[in-house]
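Engineer: Protein chains in written order, with this note's numbering: chain A, 1 to 258; chain B, 1 to 857.
It is possible that part of the hints are untrue.
Stated by the list, open to error - Coverage of chain A stretches by chain B, computed from C-beta distances (three or more under 8 Å per stretch; other residues unrestricted):
{"id": "1", "stretch": "77–91"}
{"id": "2", "stretch": "108–119"}
{"id": "3", "stretch": "126–139"}
Honestly, the hints are just simulated from the structure, not real lab data. Just so it is clear, the structure is predicted and the values come from calculations on it, not from any experiment. Ideal placement from N, C-alpha and C gives every residue a C-beta, glycine not left out.
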Amino acid sequence: MSRIVPEDPVSVPSPSVTTAAARAVDVTKVYGQGDTAVHALAGVSVDFLRGQYAAIMGPSGSGKSTLLHCLAGLDRVSSGQVFLGDDEISAMNEKELTLVRRDKIGFVFQAYNLVPTLTGLENISLPLALAGRSPDPEWLDRILTTVNLADRVGHRPNELSGGQQQRVAVARALVSRPEVIFADEPTGNLDSRSGAEILGFMRDAVRELGQTIVMVTHDPVAASYADRVVFLADGKIVDELAGPTVDSVMDRMRRLGD
Amino acid sequence: MWRVTLRGLVAKKFRLALSSLSIALGVAFMAGTFVLTDTLGGVFDGLFTNTTQGVDAVVRSKLPYEPTGGQVSRDQLRPPVPESLVDVVRDVDGVARAEGSLLGYALVIGSDGEALQGQAPTFGLPWYPRSDTVNQSSEIVKGRAPRAPDEVAFDIRTFEDGGFRVGGPARVSFQTVPPREFRVVGAFLFGGSKDGPVGATLSAFTPATAQEVMNRVGQWDLIEVRAADGVSQTELRDDLRAALRADGLAADFESITGQQLADEQADELKSNLSIFNTFLLVFALVALFVGAFVIYNTFSITVAQRIREIGLLRALGATGRQVNRAVVGESLVVGVLSSVIGIVLGIALVPLLQGLLAGFGIDLPGGPLVIATRTLVVSFLVGTVVTVVSSLAPARRAARVPPITALRDQALDPAANRRRYLWGAALWVVGAVILLAGLFGGASGGDSALLIGGGAFFAFIGVAMLSPLLAGPAARVLTWPARRRGRVTARLASENAERNPRRTASTASALMIGLTLVSMVAVLAASLKGSFTETIRGQSSADFVLSPKGFFPFSPAAAEQIREELPDATVVEYRIGVIQVGNDTVNVLGASPDFTEITDIGLRPGARRDAFARGGLYVEAPEAEARGLKVGDTVEVRFPDGPGRVTVQGIYAKELPPPFDPPFVLSLADWDRFPTAEDVSVSVLKGPGTTTREARRVVERAAAEVGGIDADDLASFIDRQIAQFDQLLNLVYVLLMLAVVIALVGIVNTLALSVYERTREIGLLRAVGMTRRQLRRMVRGEALIVSAFGALLGLVIGVVFGFLIVQSVSSEGITFALPVVQLVVFVVLAVLAGLVAGIPPARRAGRLDVLQAITSE
């Protein structure tokens, strides 16, 4: 049974020996049955290391979003195992998954990241509020400084620009010091300048705050911010690239397309 | 556009079902009411056709004047005819037979000693020994007809209910003669139905005995006539009229056909039925009004949800008119569907309605269901029209959606909101003015009820339009305790309620209407009860009070017996009659001359109590002033048996204690001018030489021996009266429940739609760690806010309405009372019900798949 009490990956070293923050072991995901079955994931095994900024890339329909959803406990695998740290989330029930998401995972989605009725600050502290806790003021301060939002957090989402909204989302993902932040096309709806800002913050979060981020993207520029890129095609991991640049990513993608 | 409309409807079956339900319930109530009263009307028609079977015409005294309605019936007012008239009638051409008939007070004491007194009257009648008697309404089904003075036959139901047997004894109580023992010789079926005339208890005696025991010695109520062969009813009647004219009797007597008599009797009952019908229809209309709010809400929300789709249709070239028609078309489908469902449901629920009324002591005779075309047409039209009208405003809003909305998120139009509030305020003011005019304008009964109802209608809509202004603050205040404890679900619930104050407010408004009416009724009831208790306590010094067990007055024999056994006690009888003063027909209270020794009516100095003992009137001060009467004046009046003069013996300043309200009190010394002498109440003040225990024993024995009477001391009399009142009150509450239930359906509907609308947001909340339980709590929290808001708003308005109504009748001695505990209970129950209404949408929200929810459009 998993422990649902949140750990602090920075100040309290994990007792576990593994350094993988998130791990998929021989994961398959099949939609439908028989002849019409679609193998979104066809046996994926991958580790995402602690303190690393990883990107998952692949053409449309390659299964990259499905992999992210399975890793984040939003979707169930058809077979195989998914671990968050040492906890096997593929064996958890709905309630346990919810608490894991609340306490150990941060999310940044492409759009509609924020609850429209809550202010920026309330959105940021939402996961903690749901757990009945209040944010550590020092940590909050540090996050707000990092994402450069201190003067806008009193506003509601509809009074914030798209870029500001995504920064609030990043801050929310950071607030509970999760084991992993999963980002699904976080810059997909932004202009390139705001997008670059967000990607910069996410990289800073990894470098300066010791976070772990797994990001799905189809944008080589976004992927170039990551420490490592995993390439998916037809539900399988087909390639991997460490220390990516825009050019090297584009090069690999082009080869995948062949 | 029709295809788009229908697709839209089919795609949202759940919404369709819920919003249809809200109208269908109201329509069902309406249709059920119609069917119920039509069925009763049918029963009455059949009944009186049966009870006048064989009677081709009757001869009777003319009604001296029309009674004022309510407390005194025509039959009680009509003088008897002399027995000698039977011979006159018999000699008229075309008459085959003529027999005197009467229907008088005869209370049967069952074999267990208990009087067979329900809410129906108890009648005695003569039984002619011949088989070719004029009135063929009854046939012996057991034993034989009474032939001797000490023999009696009962209708079969009374025979069975009383546990009688042929040859056994029976005791019957009368008005003018002491209770008497009879020998039961048979049982008969009356009017072809076991229920007899609406459940009345019937005892048949030989004609001479009937006259003797029912105060008709030498007299009959009327003469029943059979036509000779080949003479029609109308010919017979015309012959009888001609004969009466020829004999110079036409000024006092009249003749009508048997059919006319049956119609008259059925109409008299049916006029009560129409009051009953109106009473129930008012609740049906309230339910429909609440249903209209639910429909309005549903359409407003769905238009808002489909605003992009509508924008797209507009961008593709649909005109505003077409969009409008599509929405109205949708409501037409919903209206037609719910009306049809409602009518079917209503007919199916008639037995339930009957059962409900029976549960509150209103026993109605059953019969084959009468489903009139009117029922179908009116229910269908009302249901459909209400639905369509409720959708007009949302449809107009939809038509105004500009094409550009397809491409961008829509922003609220604050100017429209301001205009709406102005309209709301205007409607509210207009409603309030009409309402106040109805209450204090001095309009007559029906008109003022219409003004009050209409005013309340507009005021309700006005309040509903203004209430969005209050929704936000109310949500914050209501969730304040939970938010203070750091409950994020409370914060979210509050924000959800606030984000669309119009939706919250109109959902709450539906509940508000029900709660307004409930609290208003509670305030009125408390005020009436309080004032009733206070007046009785303040004005009456009676030790004991006798009152009828049913609705019908009882024999004066009880008072007589108490007088005999307690010679030093003051025993006061009260009766109700109708006389004419000048050209006005007025109710008078008949009272024993010494009644002022028990009841304080604020008799002014100069009153002639001694003279009142020999006859005369006491007049209420305002009435005396209006007519310019002073003590000693003689008033020309008309009694049932002809003109008379009475002297004003005193002027009194206080209202008569309830339930009496006539402005005239007539000394019982003058009561011989009335055809019946039944007491509606008797008060007893024991003398100094008797202990309370002795007095109680005498009073209770007299009540038991005469039968059908409750004997109480003053305190328990008040309790009993209040308990009776409470029974009616509870019926009103139960009927108002329907409006509350429909409002709850509205809450379920609105929340379900809101949950649907916020699917993505709910997905997000779940993704970042909101548990199902927290999510459910959030949705229920919103339900709680809506219901508490509606309930509190209704409470405040209801109390204000109640206060105003009490003020408008303050001259009747009714003072305002606030039933705090009861009102708190109502609000708490409404809020709890609202919480329950929140459960289904909360579960629905909880069951949403997280991934599907966040990736939904």
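Engineer: State for each hint whether it applies.
Structural biologist: Checked hints:
1. Counting residues of the stretch 77–91 of chain A whose C-beta sits closer than 8 Å to any C-beta of chain B gives 0, which falls short of three, so the coverage hint is violated.
2. Using a Cβ-Cβ cut-off of 8 Å, 8 residues of the stretch 108–119 of chain A lie near chain B, which meets the minimum of three, so the contact claim holds.
3. Chain B is given as covering the stretch 126–139 of chain A, and this holds because 7 residues of the stretch bring a CB closer than 8 Å to a CB of that chain, at least three being needed.
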